[in-house]
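Novice: Fit chain B to the known structure of chain A by using the hints.
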Amino acid sequence: MKKIIITTIFILLMICGCSNKNVDINSIENTKEVFAMDTYMTLKIYGENSEKILSRAEEEILNLEKLFSVTNKSSDIHKINSNGGQQVRVSNYTAELIKNANEISDITNGALDISIYPIVKEWGFTTGNYKVPDKSTLENFLKNVNYKNIEIKNNYVSIPKGYSIDLGAVAKGYTGDKLVKIFSDNNIKSAIINLGGNVQTIGTKPNGEKWTVGIKNPIDTTQNICKIKVENKCVITSGNYERYFYGEDGKRYCHIIDPKTGMSADNGIISATVIGDSGVVCDGLSTALFALGTEKSINFLESRKDIDAILITKNMEIYITDKIENIVTVSDGYDYSVIKRS
Amino acid sequence: MKLKKTAPIISVILIIILCILWIFIIQSLGQDGTYATVSVSGGVLYTLELDKKQVLDIKGANNIKVRIVSGDGCIYVEQSECSDKICEKKGKISKTNENIVCLPAEVVIEVKITNNENEFDAIT
Chain A
0 MKKIIITTIF
10 ILLMICGCSN
20 KNVDINSIEN
30 TKEVFAMDTY
40 MTLKIYGENS
50 EKILSRAEEE
60 ILNLEKLFSV
70 TNKSSDIHKI
80 NSNGGQQVRV
90 SNYTAELIKN
100 ANEISDITNG
110 ALDISIYPIV
120 KEWGFTTGNY
130 KVPDKSTLEN
140 FLKNVNYKNI
150 EIKNNYVSIP
160 KGYSIDLGAV
170 AKGYTGDKLV
180 KIFSDNNIKS
190 AIINLGGNVQ
200 TIGTKPNGEK
210 WTVGIKNPID
220 TTQNICKIKV
230 ENKCVITSGN
240 YERYFYGEDG
250 KRYCHIIDPK
260 TGMSADNGII
270 SATVIGDSGV
280 VCDGLSTALF
290 ALGTEKSINF
300 LESRKDIDAI
310 LITKNMEIYI
320 TDKIENIVTV
330 SDGYDYSVIK
340 RS
Chain B
0 MKLKKTAPII
10 SVILIIILCI
20 LWIFIIQSLG
30 QDGTYATVSV
40 SGGVLYTLEL
50 DKKQVLDIKG
60 ANNIKVRIVS
70 GDGCIYVEQS
80 ECSDKICEKK
90 GKISKTNENI
100 VCLPAEVVIE
110 VKITNNENEF
120 DAIT
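In order, the protein sequence lines correspond to chains A and B. Residue numbers are given in numbering that gives the first Met the number 0: position 69 of the first sequence equals residue 68, and the series is strictly consecutive. Residue numbers are given in numbering that gives the first Met the number 0: position 36 of the second sequence equals residue 35, and the series is strictly consecutive.
Worth double-checking, as some hints may not be accurate.
Unchecked claim - In silico SDA-like cross-links for lysine to any residue, where the CA-CA straight-line distance does not exceed 20 Å:
{"id": "1", "chain 1": "B", "residue 1": "K58", "chain 2": "A", "residue 2": "K188"}
{"id": "2", "chain 1": "A", "residue 1": "K228", "chain 2": "B", "residue 2": "D120"}
{"id": "3", "chain 1": "B", "residue 1": "K52", "chain 2": "A", "residue 2": "N206"}
{"id": "4", "chain 1": "B", "residue 1": "K51", "chain 2": "A", "residue 2": "N206"}
{"id": "5", "chain 1": "B", "residue 1": "K58", "chain 2": "A", "residue 2": "G207"}
{"id": "6", "chain 1": "A", "residue 1": "K188", "chain 2": "B", "residue 2": "K52"}
{"id": "7", "chain 1": "A", "residue 1": "K204", "chain 2": "B", "residue 2": "T46"}
{"id": "8", "chain 1": "B", "residue 1": "K64", "chain 2": "B", "residue 2": "Y45"}
{"id": "9", "chain 1": "B", "residue 1": "K51", "chain 2": "A", "residue 2": "S26"}
{"id": "10", "chain 1": "B", "residue 1": "K52", "chain 2": "A", "residue 2": "K226"}
{"id": "11", "chain 1": "A", "residue 1": "K226", "chain 2": "B", "residue 2": "T46"}
{"id": "12", "chain 1": "A", "residue 1": "K304", "chain 2": "A", "residue 2": "G292"}
{"id": "13", "chain 1": "B", "residue 1": "K58", "chain 2": "A", "residue 2": "G195"}
{"id": "14", "chain 1": "A", "residue 1": "K51", "chain 2": "A", "residue 2": "N62"}
{"id": "15", "chain 1": "A", "residue 1": "K228", "chain 2": "B", "residue 2": "I122"}
{"id": "16", "chain 1": "A", "residue 1": "K204", "chain 2": "B", "residue 2": "D50"}
{"id": "17", "chain 1": "A", "residue 1": "K51", "chain 2": "B", "residue 2": "Q78"}
{"id": "18", "chain 1": "A", "residue 1": "K188", "chain 2": "B", "residue 2": "D120"}
{"id": "19", "chain 1": "A", "residue 1": "K228", "chain 2": "B", "residue 2": "F119"}
{"id": "20", "chain 1": "B", "residue 1": "K51", "chain 2": "A", "residue 2": "G207"}
{"id": "21", "chain 1": "A", "residue 1": "K204", "chain 2": "B", "residue 2": "E118"}
{"id": "22", "chain 1": "B", "residue 1": "K51", "chain 2": "A", "residue 2": "G46"}
Just so you know, these hints were derived from the structure itself, not from any lab.
Bound-form chain A, shown alone:
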């Protein structure tokens, strides 16, 4: 009888033992959500000490938010805007980001312009009191819009009187880059962050698969129009569905302003996704391509092999640059054209 009991217990222990799984440290996932920069952010990382690293990342986000906020009176940007005509000492971060933004403005012929802020305010996108400004008002405001008049020497920034700047078009991309650096410095090999639609990835998923990033259908944002498989890349979209209002004329006006006209950008593109290594570049370029419109964006992309993008037009035409064609899958029912570069 003893033997029966011992044998039974032994076999049962064997069965139970087989079901124990070893936990791979590098596959331990830790997620943090942060509400900052007027958006909802999720940071998902895999690996050891991830809680500490995520707390460090959250600190960085909140620190950068304090520097870049246009409303926080102690921010670098508020100091610059309230001291027009004078040099203002700013942090390395702010100086670097303004330089980055102006470089993107240079390569896109001013399609991104961080000095557009007074016009964005006039449209009501900062307050929610939306209105369509008349032409003469916009012309007046446009006199005080030109990124080339922003001067940066070391960490001193000055803007002409009457100017105001806002880093909203590039701040999230820049923040993403800083988070990626924190994670990489802490030996994180696998991570995905989503800063309100700005997606940045480190490595692959713990199982070695590439990350799958869905791109929203701009006319039905509950659906994705395509997906892209990436590793170590940023995927950042500017869409007309993010912030918009309907004017008294029944027309829909989106928050991206064309710096050339001061009007809500309406040049054919309703969604511009940029895929690349740098968050700040992808973020700024997605806004710039949106403002440039279909033809100019395609011309721009044809001349820049180093930049990859997915453009969706008002007529739901999809344009994909040649280098990423093989990693993009377009949803059934949609066709696409390839932007070829020699």
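Specialist: The following block gives chain B in isolation, referenced to the frame of chain A:
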């Protein structure tokens, strides 16, 4: 002598009986889930796979922080800043359609069986 010979047979029979009993117990408790959804104020924010060790810190309604932990086939609320702690007291859940609700934070964790929603790692 006779007992020596029959011991393994009786053991196997006993194991079979125990296994059958175990299956009945499992079935009466419901099916093991494979993943759980975490929603805040009605919107599903996360999908967690139950066999993966994951720690999720979320901020629910009224700024209440809730720490959810999954792994080893189950999910539970490790810590919540809510006043009643009902969600913490619920303990680990692992069966399909079992849920944990934190009313003050408007957080609902629900165990499900298949995971078709997890095709995308992120949406832009």
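Novice: Now, for every hint given, state plainly whether the structure supports it.
Specialist: Hints versus structure:
| no. | hint | verdict |
| --- | --- | --- |
| 1 | B/K58 <-> A/K188 | 26 Å, violated |
| 2 | A/K228 <-> B/D120 | 10 Å, holds |
| 3 | B/K52 <-> A/N206 | 14 Å, holds |
| 4 | B/K51 <-> A/N206 | 12 Å, holds |
| 5 | B/K58 <-> A/G207 | 30 Å, violated |
| 6 | A/K188 <-> B/K52 | 17 Å, holds |
| 7 | A/K204 <-> B/T46 | 16 Å, holds |
| 8 | B/K64 <-> B/Y45 | 15 Å, holds |
| 9 | B/K51 <-> A/S26 | 8 Å, holds |
| 10 | B/K52 <-> A/K226 | 27 Å, violated |
| 11 | A/K226 <-> B/T46 | 19 Å, holds |
| 12 | A/K304 <-> A/G292 | 19 Å, holds |
| 13 | B/K58 <-> A/G195 | 16 Å, holds |
| 14 | A/K51 <-> A/N62 | 17 Å, holds |
| 15 | A/K228 <-> B/I122 | 12 Å, holds |
| 16 | A/K204 <-> B/D50 | 16 Å, holds |
| 17 | A/K51 <-> B/Q78 | 17 Å, holds |
| 18 | A/K188 <-> B/D120 | 16 Å, holds |
| 19 | A/K228 <-> B/F119 | 10 Å, holds |
| 20 | B/K51 <-> A/G207 | 15 Å, holds |
| 21 | A/K204 <-> B/E118 | 13 Å, holds |
| 22 | B/K51 <-> A/G46 | 12 Å, holds |
Hint check: violations occur at hints 1, 5, 10; the rest are consistent with the structure.
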